[in-house]
Amino acid sequence: MPELPEVQTVLDGVTEYLKDKEIRGLDCFYPGTVVKDPELAKNPFPARLNGHERRGKYMILHLSGETSLIIHLRMTGKLVQGEAMPGKSPHERACFLLSGGKKLHFIDIRTFGKIVLCKTANLGKFMPDLGIEPLSAGFTGEYLARLFAHRKTPVKNILMDQSKIAGLGNIYATEILYRSRIHPETPAGEISLPRLSKLAAETKAVLKQAIAMNGTSISDFRRVDDKSGGFQNFLQIYQKDTCPKGHEVKKIKQGGRGTFFCPVCQK
DNA sequence: CAATGATCCTGTCCGC
DNA sequence: TGCGGACAGGATCATT
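Quick note: to get my numbering, add 12 to the position in the first sequence (first position is 1).
Taking lysine to aspartate or glutamate and the EDC-like style, the derived pairs with C-alpha atoms no more than 16 Å apart in a straight line are:
(1) 131 with 51
(2) 279 with 197
(3) 131 with 49
(4) 137 with 51
(5) 100 with 39
(6) 176 with 145
(7) 115 with 39
(8) 115 with 28
(9) 176 with 154
(10) 164 with 202
(11) 137 with 49
(12) 131 with 78
(13) 210 with 154
(14) 54 with 39
(15) 31 with 65
(16) 115 with 104
(17) 263 with 197
FRET-style restraints, in silico, Cβ to Cβ:
(18) 36 with 140: 23 to 33 Å
(19) 36 with 260: 51 to 61 Å
(20) 140 with 60: 24 to 34 Å
(21) 54 with 140: 22 to 32 Å
(22) 221 with 173: 18 to 28 Å
(23) 246 with 33: 31 to 41 Å
(24) 36 with 206: 46 to 56 Å
(25) 158 with 27: 32 to 42 Å
(26) 96 with 42: 18 to 28 Å
(27) 54 with 193: 55 to 65 Å
(28) 58 with 193: 49 to 59 Å
Just so you know, these hints were derived from the structure itself, not from any lab.
The C-beta atom is built at its ideal place from N, Cα and C for all residues, glycine as well.
Take the sequences, apply the hints, and build the full model.
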């Protein structure tokens with residue numbers, strides 16, 4: 013499932029692919045995949061990419077003509093450039109038509125992904141409230157101490173709450189807690205400041221390393237050029253039977269999602 | 001305000 | 001071999 017590093021990888025690939033091309037159209041093949049701002053002028057195309065940003069797991073592309081795109085891959089969404097996809101995919105939900113006959117395909121098996129096309133001025137209406145960026149300077153042990161204060165919620169649940177911290181999903185939350193030696197069910201408000209500082213530092217380290225490796229290709233994540241990421245080779249606990257120290261890994265459910273942890277290493 | 005549960009969707013896996 | 005059912009899982013919405 014694409015989380016922050018995977019979204020960053022895709023965004024980097026998409027912006028590189030689009031920088032010398034014009035977007036001439038956007039086809040939707042599945043009802044609901046493409047959402048159009050009712051206030052948008054009838055046809056915003058042709059348009060060019062003017063800028064971009066990532067907020068949590070959301071990609072935002074700023075186009076010419078005061079128009080913007082919000083793209084969310086959700087669980088199985090993929091953006092694949094035309095050359096990398098010779099055949100037809102039965103799961104193609106939308107497609108950007110580009111200059112020079114090129115295409116950018118939106119492939120999404122489970123159809124949860126979304127592409128929003130809106131007036132740039134209306135971005136706020138289409139974006140949810142998102143918490144702090146974990147790679148920002150303000151993401152520190154002290155910040156987490158304030159965020160977690162008096163909260164009895166298990167720490168892993170808060171790590172995955174996008175309105176508190178934007179961009180972490182099941183895989184990275186699981187990995188970060190293992191590397192921080194924190195038990196995923198620990199009530200968030202009970203964790204000491206030194207351990208929260210460790211948590212913040214490990215979060216940044218894991219995300220940076222994963223971005224450097226072009227993300228984690230678990231299930232079917234692929235880059236825009238359809239190549240795999242590399243961070244799955246560095247996972248220490250997610251979907252493992254034993255931790256790096258040889259202890260047996262336990263699997264539990266938290267908020268409907270699978271959590272892997274080591275009862276010996278994580279307290 | 002916080003926490004929980006249902007919902008969306010389909011490929012994969014398991015048991016019979 | 002084939003079928004049904006459980007499962008996975010991010011975000012949203014409704015409910016407690």
